[in-house]
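Engineer: Sequence:
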Amino acid sequence: MVLAVAVGADGSPVSVSWNGDSRRDIIVWMDHRALDQAERINSHSSPVLQFYGGSVSSEMQAPKLLWVKENLQKTWSMVYRWMDLGNWLTYRATGDETRSLSHMEQWRESNPRGMEPYGTDEVFWAEIGLGDLYEGSQAKIGHSVVFPGHPLGSGLTPTSAKELGLLTGTPVGTSLIDAYAGGLGVMESVPDVELKADMFDEEAICHRMVLVCGTSTCHMVVSKNKLFIPGVWGPFLSAMIPEFWLTECGQSATGALLDYIVQNHAAAPLLANQAASQSMSIYELMNKILLSMAHEQNMPFLSALSQDTHVLPDFHGNRSPVADPKSKGVICGLTLDTSEKHLALLYLATIQGIAYGTRHIVEHCNAHAHKIDTLLACGGLSKNSLYIQEHADITGCPIILPRENENVLLGAAILGAVAAKKFAGVHGAMKALNAAGKVVRPSSNPRVKKYHDAKYQIFRSLYEQQLSHRSTMAQALH
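Every letter in the sequence shown is one number past the one before it in full-length UniProt numbering, and letter 46, counting from 1, is 46.
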């Protein structure tokens, strides 16, 4: 997801790079250059911060914009509009620069329920040193905001229609953040057998958490009540599903972390060649290797292979639930082994570390009035059977996989269908177009639960030890 697109007065791109290359007109979400700016914003204690668990992340728009203002003054003066990618795409398609509530809701102290356009919290932006974004009737960050799926302008402009091979005037719906679109595409993908007969639809959906797992993982759950949770983003009203409050958690590096672990291991080239010769991915091959290792070592279950290897997956900080961008990754149990089997073992332990992070998120949310008991997963990592089974075993929740393969695209299609008046609203379209596939259940073996409970305690202790180490070194350098 791109969090900032710099656009000039004539609609042309404006560089946000040191070398002035206009092709580099975006700042990606996982760019952490604005850590200092985030800390200074958090020092203001604005009421807006309660919608971010008490503190903004450097992954958010406000710190990034402040960084540009302080470090690239020429760029700052040239930019006429700052837009999230979803807003830029709909602007490019329709010429209508109306912004989506999905992108803007986070920066408001109050939350409207009407459909009329509205702006963001001007006091907040002025307080943090970005009041000039409001010059010219809020031209730089937008002055009109509507619900996702609201039809924009007159649909596709003639130019956009020609470029896309579609008809001029084809309806275009207001956008969603990409992970939220995944939520629309999967959150009602529940088979009849999983539906709770004693619950109304509005209550049942609040028991589900969606995991959109790719480069990073976004964990999303909705509620009918406004729930403020320390270290967790939200609640955001109607930012994903109309009239529901959205709580958004996440892990900044999941697929990216697995790639890093694999690609930086000495055995990676050999395994990659073996996988290619067998027409499979390196991850599929490692899953096979782990099965063989468990059999060879007479393990009671595959997960037990990692008993001496523990991973804290905070290689790009911790987004949720401790909200610590300075947290670092930890691998406990390394040896001099550089074999293919060692890589497979490290891969397994990393998957488990990521899953323990999800368990921590679920437990934290449930401790603050959520009632999560079912997970729904989509994205590239959801296609990895080992990844999903470990998450089910570690969280103790069944995981529903949707029938469709591309649920973020399905969510976008739902917005288009609503804009085209094919459905009366977003939630109705979700119920019509979401469909369940496979259900992956936690292991019924009590030894598996006992094993993961023990490893989870070690997982939690790795972060506490890191805090202690950080404090010790800070005192030494004081």
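Treat the hints with care, as some may be off.
[As the list claims (entries may be wrong)] In silico PhoX-like links for lysine-lysine, alpha-carbon gap of 25 Å or less: (1) Lys421 - Lys288; (2) Lys326 - Lys288; (3) Lys450 - Lys69; (4) Lys449 - Lys438; (5) Lys450 - Lys371; (6) Lys431 - Lys226; (7) Lys162 - Lys421; (8) Lys422 - Lys162; (9) Lys449 - Lys383; (10) Lys383 - Lys431; (11) Lys288 - Lys449; (12) Lys288 - Lys438.
[Claimed, not checked] What follows is a list of derived Cβ distance ranges for each label pair: (13) Ala424 - Ser43: 23 to 33 Å; (14) Gly425 - Gly54: 44 to 54 Å; (15) Lys224 - Gln475: 41 to 51 Å.
If you are wondering where the hints come from, they were derived from the structure by calculation, not from laboratory data.
Yeah, the Cβ is synthetic: ideal placement off N, Cα and C, and Gly gets one too.
Engineer: If a hint holds in the structure, say so; if it doesn't, say that too.
Structural biologist: Here's how the hints hold up against the structure:
1. Lys421 - Lys288: Violated. Lys421 to Lys288 sits at ~48 Å, over the 25 Å cutoff.
2. Lys326 - Lys288: violated (35 Å)
3. Lys450 - Lys69: violated (52 Å)
4. Lys449 - Lys438: Distance of about 22 Å is within 25 Å: holds.
5. Lys450 - Lys371: Distance of about 23 Å is within 25 Å: holds.
6. Lys431 - Lys226: Given that 25 Å is the threshold and the Cα spacing comes to 24 Å, the pair holds.
7. Lys162 - Lys421: It holds: about 23 Å lies between the C-alpha atoms, which stays within 25 Å.
8. Lys422 - Lys162: Status holds; Cα separation ~24 Å.
9. Lys449 - Lys383: OK: Lys449 and Lys383 at ~23 Å, within 25 Å.
10. Lys383 - Lys431: holds (23 Å)
11. Lys288 - Lys449: holds (23 Å)
12. Lys288 - Lys438: Roughly 21 Å separates the two Cα atoms, so the pair holds.
13. Ala424 - Ser43: 23 to 33 Å: violated (45 Å)
14. Gly425 - Gly54: 44 to 54 Å: violated (33 Å)
15. Lys224 - Gln475: 41 to 51 Å: holds (47 Å)
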